[in-house]
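Dock chain G against chain F, hints included.
In case you want the letters, here they are:
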Amino acid sequence: MDVLSNGAVTTVSNFVFPNDLHVHWSMMIVLYPYITGIVAGAFIVSSLYHVFNIKALKPVSRFSLLFALAFLACATLPLLVHLGHPERSMNMMITPSPSSAMAGFGYIYALYGIVLVLEILFIYRPKLVQLQAGSAGWMQKIYTLLSFGSDNVTPESLALDKKIIKFLAAIGIPMACLLHGYVGFIFGGVKANPTWSTPLMPVIFLLSACVSGISGIILLYILTKKYRRESLNLECIKTCFNYLAGFFIIDFTFEMLEVFSHSYLRSGYHHMVEGLLNGPLYISFWVAQVFMFSVVPLFLFGWLCLTRVKDRLYILGTMVTSGLLLLQVLYMRWNVVIGGQLMSKSARGYTEFHPQWFHKEGIITAIILMSLPFIVLFFLGKIFPFWLEESE
Amino acid sequence: MHIQSVRRYLLQSNHNSHVKRIIVGLLVLAVFGFASKLIFAPATFGDLGHYRAKAILEEANLEPRLMTNESCLTCHQHEKRKHLKGTHKTVSCEFCHGAYFDHILDDKKIGTLDVKKGEEIRVLCLRCHNKEIQARPTDKIKTVALPQHLEEKRVRTTHTCDQCHYVHAPLEYVNLAKKMMRIKDEPEKEPCP
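Protein chains in written order, with numbering that gives the first Met the number 0: chain F, 0 to 391; chain G, 0 to 192.
Same shape as in the complex, but just chain F (with noise of 0.2 Å):
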């Protein structure tokens, strides 16, 4: 009765079920999947450069992995909160079950958590050896406790490293896919809804984690870098940048096919969908969405990647672009969940999403939602050095 008692319900069209008016799947639900997603393209990244060999993204690799570990710590928090409860976030983890698809959901994101912490812990052993002969006290005491008290690092210990690392790394990228994948499947399941329910869903969330969890990654790097004044690595960023330019162009290939295809094909439900892009959504969709950010990035793409352009201006360049591919994936995410609730099962009326701020699921919770990740990777920047040193 929310809608109906603020007198908001101007703008309500045409004919809505009465258990359609009102938006259950809010922010919450918008911020799980660009989390989720933002870790699993993280991890992409790191996979880039552990298993396919691609050199150049040794300075971010390292990085990338805290970066997902980071924000795989928060991934549940939004779902729970959700659920009014998010001190329970990390119980399902503990309550897996394969008899639904949700709850199925804890032992990917389980598996996952431990793979990414294994993979961390192999790829610093070295320097956590290192500084925890360096270190005094407590960090002394956490560091052996993070190399599991051996400060082996022998030749033969650390080639046995690799293979493990390697091992770690590729099993990673499938469960990355899965975690992600798993996300798109939960919503492109839902057989009743006509914007969701796509085969094509897990595909285009999972290359749209790909764009933001790399957006993320150059953004940050140049950024701590930035503010630490150390000198960039132009070559990483360059390679960073064209894989994103990839992923985006197949990306944004997608979500566009989604919506021609079945404007092509007319396919039932086709005029919903359509009134829903052009009437509610039209300012997040087309305008946003679609056009600053989405159309303006690949002219963007296409001077930054294609011509010679100054290298400072390149970093910037860079910088805007992943800034905005990372609105552009949360726009998609918006559309996508809240956009897919707007129409009503009556296919003849669309609702309304007024977002509050100081509403349980509002403004304030997600921005505070938002920024515990980069609390928990300062945090961890605390004990796990970000950056490789020169002679790394």
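Be a bit skeptical, because a hint or two may be false.
[To be verified] If you anchor each label on the Cβ, the simulated ranges turn out as follows: (1) F:Phe166 - G:Val30: 18 to 26 Å; (2) F:Phe377 - G:Val23: 27 to 35 Å; (3) F:Ile170 - G:Leu104: 25 to 33 Å; (4) F:Leu387 - G:Ile22: 24 to 32 Å; (5) F:Arg87 - G:Ile22: 23 to 31 Å; (6) F:Ile362 - G:Glu151: 42 to 50 Å; (7) F:Phe290 - G:Thr156: 31 to 39 Å; (8) G:Lys53 - F:Asn277: 45 to 53 Å; (9) G:Lys53 - F:Glu229: 20 to 28 Å.
[As the list claims (entries may be wrong)] With a cut-off of at most 25 Å between alpha-carbon atoms, the simulated PhoX-like pairs for lysine-lysine come out as follows: (10) F:Lys162 - G:Lys19; (11) F:Lys57 - F:Lys237; (12) F:Lys344 - G:Lys141.
Note that these hints are calculated values from the structure, not bench results.
Note that the structure is a prediction, hence the values are computed from the model and not measured.
Each residue gets a CB set at the ideal place from its N, CA and C atoms; glycine is no exception.
Using the frame of chain F, we list chain G on its own:
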């Protein structure tokens, strides 16, 4: 002395001792996970299925929010006289006004309910009576198109519905007017307030 040597043995590191320790660590984690499941999973979790069995009981015992029209009419005598005789007799008061328990607790008024005025009334009526709703059989809940409906009656299109239709018995004044003007309904139409 003895403990010292055990410690030294444990902390001695071969090229793969950290791997062994990590495996032990994972086993510990598994045990820890299992233990925390026993501790943290809610008491009745899993009794009936993959959920908290007690949740059913809790849901069933939730305080109701809505009541029947009958319950409203015990206090609202005026509406009782009108509503029950009108064409809206089957329509829930709460659809237009909001939930009973936002209004009444233990037979006492605890809150004001929503009362739509003017422009809002039009929106309210059109939620059910809009011609756009094509899913309806035409003779059940009759629908009107705007502004045609108002144009037909030769009034300004800014007229709100309640200027002619009394909200609790929409045809009461319409029929009254018809009687005064001696307008006869088509034979199959039964006059009803």
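- Against the structure shown, which of the earlier numbered hints fail to hold, in ascending order? Numbers 3 and 9 - these are the hints that the structure violates, sorted from lowest upward.
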